[in-house]
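A.B. asks: Assemble the complex: chain E is given as a structure, and chain Y must be docked to it using the hints.
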Amino acid sequence: MTLLQMLIALLIFPGGLFVLVNGLAYQWARRKLIARLQNRIGPRWFQPLADTIKLMAKEQIIPDGVNALLFTGLPVLALTGALTAVLYLPIAGLPSSASFPGDLIVTLYLLSLLTICTSLVGLNSNDRFSVMGALRTLTQLFAYEAPFMLALLGPAVVARSWEISQIASSWNWLIVTQPIGFGIAMIGLMGKLELPPFDAPEAETEIVAGALTEYSGRGLALFHLARAVELVAGLTLIAAFYLGGLSNPLDYLLKTLLLLVALASIQTLLARLRITQTVGGWWRYGVLLMLAQWLVIMLGRTL
Amino acid sequence: MAEKFTIPIGPQHPALKEPGHFEFMVDGEIITGASVRLGYVHRGIEKAAEGRNWTQDIYLLERICGICSHVHALAFCLGVEQLAGVSAPPRAQAIRVLIAELERIHSHFLWLGVAAHEAGFDTLFMYAWRDRETVMDALETFTGNRVNYSANLLGGVKCDVTPGIASQIYRAVDNLEERTRHYLNVITSDDSLAERTRGVGVMTPEQADQLGVMGPTARASGVMRDIRVVAPYAAYTDFPIQPVTETAGDLQARFIVRLSELFESYRLIRSILDHLPAGDLKTRMPRRVKAGETISRVEAPRGELFYFIRSNGTDMPDRVKVRTPTLCNLASVLTLVIGRQIADIPMILVGIDPCFSCNDRAVSLVDNKGERRWTWEALRQYGIDYYRRWR
Chain E
83 MTLLQMLIAL
93 LIFPGGLFVL
103 VNGLAYQWAR
113 RKLIARLQNR
123 IGPRWFQPLA
133 DTIKLMAKEQ
143 IIPDGVNALL
153 FTGLPVLALT
163 GALTAVLYLP
173 IAGLPSSASF
183 PGDLIVTLYL
193 LSLLTICTSL
203 VGLNSNDRFS
213 VMGALRTLTQ
223 LFAYEAPFML
233 ALLGPAVVAR
243 SWEISQIASS
253 WNWLIVTQPI
263 GFGIAMIGLM
273 GKLELPPFDA
283 PEAETEIVAG
293 ALTEYSGRGL
303 ALFHLARAVE
313 LVAGLTLIAA
323 FYLGGLSNPL
333 DYLLKTLLLL
343 VALASIQTLL
353 ARLRITQTVG
363 GWWRYGVLLM
373 LAQWLVIMLG
383 RTL
Chain Y
91 MAEKFTIPIG
101 PQHPALKEPG
111 HFEFMVDGEI
121 ITGASVRLGY
131 VHRGIEKAAE
141 GRNWTQDIYL
151 LERICGICSH
161 VHALAFCLGV
171 EQLAGVSAPP
181 RAQAIRVLIA
191 ELERIHSHFL
201 WLGVAAHEAG
211 FDTLFMYAWR
221 DRETVMDALE
231 TFTGNRVNYS
241 ANLLGGVKCD
251 VTPGIASQIY
261 RAVDNLEERT
271 RHYLNVITSD
281 DSLAERTRGV
291 GVMTPEQADQ
301 LGVMGPTARA
311 SGVMRDIRVV
321 APYAAYTDFP
331 IQPVTETAGD
341 LQARFIVRLS
351 ELFESYRLIR
361 SILDHLPAGD
371 LKTRMPRRVK
381 AGETISRVEA
391 PRGELFYFIR
401 SNGTDMPDRV
411 KVRTPTLCNL
421 ASVLTLVIGR
431 QIADIPMILV
441 GIDPCFSCND
451 RAVSLVDNKG
461 ERRWTWEALR
471 QYGIDYYRRW
481 R
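Listed in order, the protein sequences are those of chains E and Y. Going by this note's numbering, the first sequence runs without a break in its numbering and finishes at 385. Going by this note's numbering, the second sequence runs without a break in its numbering and finishes at 481.
If you're looking for bench data, these hints aren't it; they were derived computationally from the structure. Beta carbons are placed, not taken as given, at the ideal position from N, Cα and C, and that holds for glycine. Heads up, some of the hints might be wrong.
Stated by the list, open to error - If you anchor each label on the Cβ, the simulated ranges turn out as follows:
no. : chain 1 : residue 1 : chain 2 : residue 2 : range
1   : E       : Trp255    : Y       : Ile428    : 46 to 54 Å
2   : Y       : Val320    : E       : Glu141    : 55 to 63 Å
3   : E       : Gly299    : Y       : Val320    : 53 to 61 Å
One chain only, chain E, in its complex shape:
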């Protein structure tokens, strides 16, 4: 890979510009879908982009008594993590721009970086709502992370590889053979993105905006972008693993949008869970179901 190719992969496709635009477009699609399902009009197509530009242009207020370096640095780190993860994914149905044996594990950890950064800024923010939000974010992380990882490792076991591009190119419709894993991966993605019903960490009627309460301007915009990128990354990963891989851009568009519709529907249907219910639900049902799934996979492999 030449320097030019590397720069293009980092800044334009798939790493930088493309995935940001893709993320904002998907955020719009999700918001519009939910609005229509809720009998509302919903935002115009450029609304997420307009919000981002507006926030980028606004002053960032750094509260007294916080570590300014962490306060401004952590949002950048969160977005960096999400953008780096994208390099290992078959974005737009094209081969991933980087890969090595074991990149699945790295990607999963890079995707967790957003959550960890969110909780760190909450603890750094010196605000009661932020601290409560940060604690809830962390608590929720411990609830969904294990089953979510197990759900994405299931396809890896079937493909006998820890490399995303190899797993994706085995073209298995694992949603048929591992429906539990698919469900848990989807719901885990919602937990990761803190979408309803897992939005207790940012439940506005309880703790205002959770860990990001003190954020304004650039920092907030970066977190929003990171979340948009993470939405695309999560959908791509699930589509590539469970829906028979991604062979071309059209394939990618269809499958990820299908998943987005499913995501929006779940989000519309449910009321917010209390944080105890989230944790209880994941460990009581999520983990056990996932372990049962693993038992079946293991038995299938040995027999």
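C.D. replies: Just chain Y now, kept in the frame of chain E:
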């Protein structure tokens, strides 16, 4: 967490639609103590009422609440009519009840939406408020206003039911009855919502008695407190209502009571429209009201609304005292949240359907150390000096 960690809710907070200040002491996610401070939206309406004549006061008092405005005017008019020894014609009384029940529908639908939003169930919120538009439209056609209907006069009402209006109300009620049945089904059968409401904020009948709660909040705990039944006013004697009570006392029961009593409202509205008494809309009312004092109680959507009115024989009231149901119900919140989780605070608070602006009757001025309070004399002198400076 050994030391006390306080979560402030308000005066400005997304969970509160109006300013109020709550402080919750928490241990992790569990609440160990609660306190409330009110008075952020004190508007001096009672004092203002003393400086205006009886007719002007209707407009003023109707603006105490933006949701249940009609019942305020109704309570005031009934009280003043009682003082003056005048009674409104039967047709006017029936129309007053008709509007009061339409207003109850609008208020309960609004509450359902807000409560669903507090639970993070925005879909129900949006749908409930869409359906609320039906009754708002009917009220607008009927009285000319979506809120602050201004339908009452001393000694009667302003607006009459024409066949066109009647058929629109019939249609609205048919539509809403079907929707209410659906929502009742949703709140009892939807698991994610039931998880947030069942067994939350349980209030026993004894507690309800002790805390002196009113209206649907009391009825959800099996305590039958409904002024429409125990002391019928206006046309409720001719069109009696069957009270709805629940025994569970939790949040879900408060949902069920509020939605179930809507069916009573629908029945009552149909029955009033079917058997509307003929006759005048208003009777003659003297400009000056005989000296005396009276109490007027009506059932607002949130519970008992209490008016004390004293006249000194002039065309202005000597004293008007208003007690709204929120004041009676608010204490229950502080008791019920203890031992619950932070996530339950907005739910329990919204369970009483609070209305802070209606409730605020006094301001206590505290400095930021929470100590110095103004005496009445000092405050008065401050006011005089302040305006003298700017004159």
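A.B. asks: Just tell me: holds or violated, for the beta carbon distance of valine 320 of chain Y and glutamate 141 of chain E against 55 to 63 Å?
C.D. replies: For valine 320 of chain Y and glutamate 141 of chain E the Cβ distance comes to about 59 Å; the hint holds.
A.B. asks: Tell me if the beta carbons of tryptophan 255 of chain E and isoleucine 428 of chain Y are separated by a distance inside 46 to 54 Å.
C.D. replies: About 53 Å separates the Cβ atoms of tryptophan 255 of chain E and isoleucine 428 of chain Y, which means 46 to 54 Å holds.
A.B. asks: Can you let me know if the beta-carbon spacing of glycine 299 of chain E and valine 320 of chain Y is within 53 to 61 Å?
C.D. replies: Once the Cβ atoms are compared, 58 Å apart, the range 53 to 61 Å for valine 320 of chain Y and glycine 299 of chain E holds.
The structure agrees with every numbered hint stated previously.
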